[in-house]
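Enquirer: Listed below, chain by chain, are the residues.
2 protein chains.
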Amino acid sequence: MNTAIIAAAGMGSRMASDRPKQFLHLAGVPIIFHTLAPFEECAQIQEVIVVLPAEEAAAFLTLAGKRGLRKLSRVVPGGTTRADSVKRGLTAIRPATAGIVAVHDGVRPFVTVEEIESVVNAAESDGAAILVAPVTDTIKQVADDSVVKSLDRSELRRALTPQCFRYELLKKAYELADVNDPALTDESALVEKTGARITTIEGSSRNIKLTTPQDLLIAEAFLKQ
Amino acid sequence: MNTAIIAAAGMGSRMASDRPKQFLHLAGVPIIFHTLAPFEECAQIQEVIVVLPAEEAAAFLTLAGKRGLRKLSRVVPGGTTRADSVKRGLTAIRPATAGIVAVHDGVRPFVTVEEIESVVNAAESDGAAILVAPVTDTIKQVADDSVVKSLDRSELRRALTPQCFRYELLKKAYELADVNDPALTDESALVEKTGARITTIEGSSRNIKLTTPQDLLIAEAFLKQ
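Chains as they are written, first to last, in my numbering: chain A, 1 to 225; chain B, 1 to 225.
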């Protein structure tokens, strides 16, 4: 059984709103439900676990019930960091039947069914796979407010989600990880430390993470397209 | 005398349009004129040179005349690469009175007067300065469709424009450079090769480069804000 863990426990401090960003509305619907839709539709995903701020669980479940999300199996209260939250989601998976775990940001509503399928399929064959997009800007390594060097952007990719791993591999990575390490900005960073090969799958640059009010404007523009 | 070189010679092959992107309309006005406005207003810039596709020069000058751009001194036909185009712009500057050269992308219309001022001021004191913005994504170094490693994004910045240099420094950098080298994605990359220190000035992430139809949607959303 393949499980999606939707990481939606953030408090959205950069959104200048009194609501966590994953519950802000986009085209009249909370962002989290936009995000859940392609996982509901994707045949490679059988179960969805949502990690939320503890105080949001009841209201979420009421709305989720109305929307008929068949695959939603658990709502898990989040931890103090993203890594801690995803680890709690992982604990809710039954080891005996666990297959691929697809971790996805709750505020990336533009992922497509095809992208989820591609990354799950790659993880099934390779053990670990992440969705990436090209880096379009010139990236500089900097120190003390000056340029150290320009990096070769043909060798760089932006890590998106989902990031998919065999259950045992991700579990092992979390056992080795310090979930309070701020350098762990995605699951891949944890799994890289185990030495496992991580396949990259090229995805769309539309699959943005909504973290600022500006991102919401961009998202509304995408939906109008 | 400080000169802005506006690099607008690109043919916009990624824009899926029959017009070069810098001439597409944003809120009813060609993008290039949005871009020129803050340079016209900025007290630290005395002269503006625009590098254009040769066949666009006449139509541009007609429009520019109607808009009363006082600082526009020359329209220069572009070369085959960005670096070649900027080099041609540089050739149009009078060495005897040259001060700081501010190179800016013709399709970055959201730069502010204050940002231009900050970068010009830093280049006057340090010799070279570029506008940058934080990297918000996790960046992976990749090879053969797999992850090599995660980079520490606190050490990375996205290079924006303007990029400002003392005339003699930029001229020397172009003398040393192969303008057909595809790794030269910005002027800073050339100047780095001379060993000069390049100061980074933190700018707004609104200062995006409009290269795809999706970017135009985002730009329209910014303008409605």
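If you are wondering where the hints come from, they were derived from the structure by calculation, not from laboratory data. Cβ atoms here follow ideal geometry from the backbone N, Cα and C, with glycine treated the same way. Don't take every hint at face value.
To be verified - Listed next, the stretches of chain B that the computed footprint assigns to chain A, with coverage defined by at least 3 CB atoms under 8 angstroms from CB atoms of chain A:
| id | segment |
| --- | --- |
| 1 | 136-144 |
| 2 | 156-169 |
| 3 | 180-192 |
| 4 | 215-225 |
Unchecked claim - Think about it this way: if two alpha-carbon atoms lie no more than 27 angstroms apart in a straight line, the pair counts; the simulated DSS-like pairs of lysine-lysine are:
| id | chain 1 | residue 1 | chain 2 | residue 2 |
| --- | --- | --- | --- | --- |
| 5 | A | Lys149 | B | Lys224 |
| 6 | A | Lys171 | B | Lys193 |
| 7 | A | Lys193 | A | Lys172 |
| 8 | B | Lys171 | B | Lys209 |
| 9 | B | Lys193 | A | Lys149 |
| 10 | A | Lys209 | B | Lys209 |
| 11 | A | Lys172 | B | Lys171 |
| 12 | B | Lys172 | B | Lys71 |
| 13 | B | Lys171 | B | Lys71 |
| 14 | B | Lys171 | A | Lys149 |
| 15 | A | Lys193 | B | Lys149 |
| 16 | B | Lys66 | A | Lys149 |
| 17 | A | Lys193 | A | Lys149 |
| 18 | A | Lys224 | B | Lys209 |
| 19 | A | Lys209 | B | Lys193 |
| 20 | B | Lys193 | B | Lys209 |
| 21 | B | Lys149 | A | Lys209 |
| 22 | B | Lys193 | B | Lys66 |
| 23 | A | Lys71 | A | Lys193 |
| 24 | B | Lys224 | A | Lys224 |
| 25 | B | Lys149 | A | Lys149 |
Enquirer: Hint numbers the structure violates, sorted upward?
Expert: 5, 6, 11, 16, 19, 22, 23
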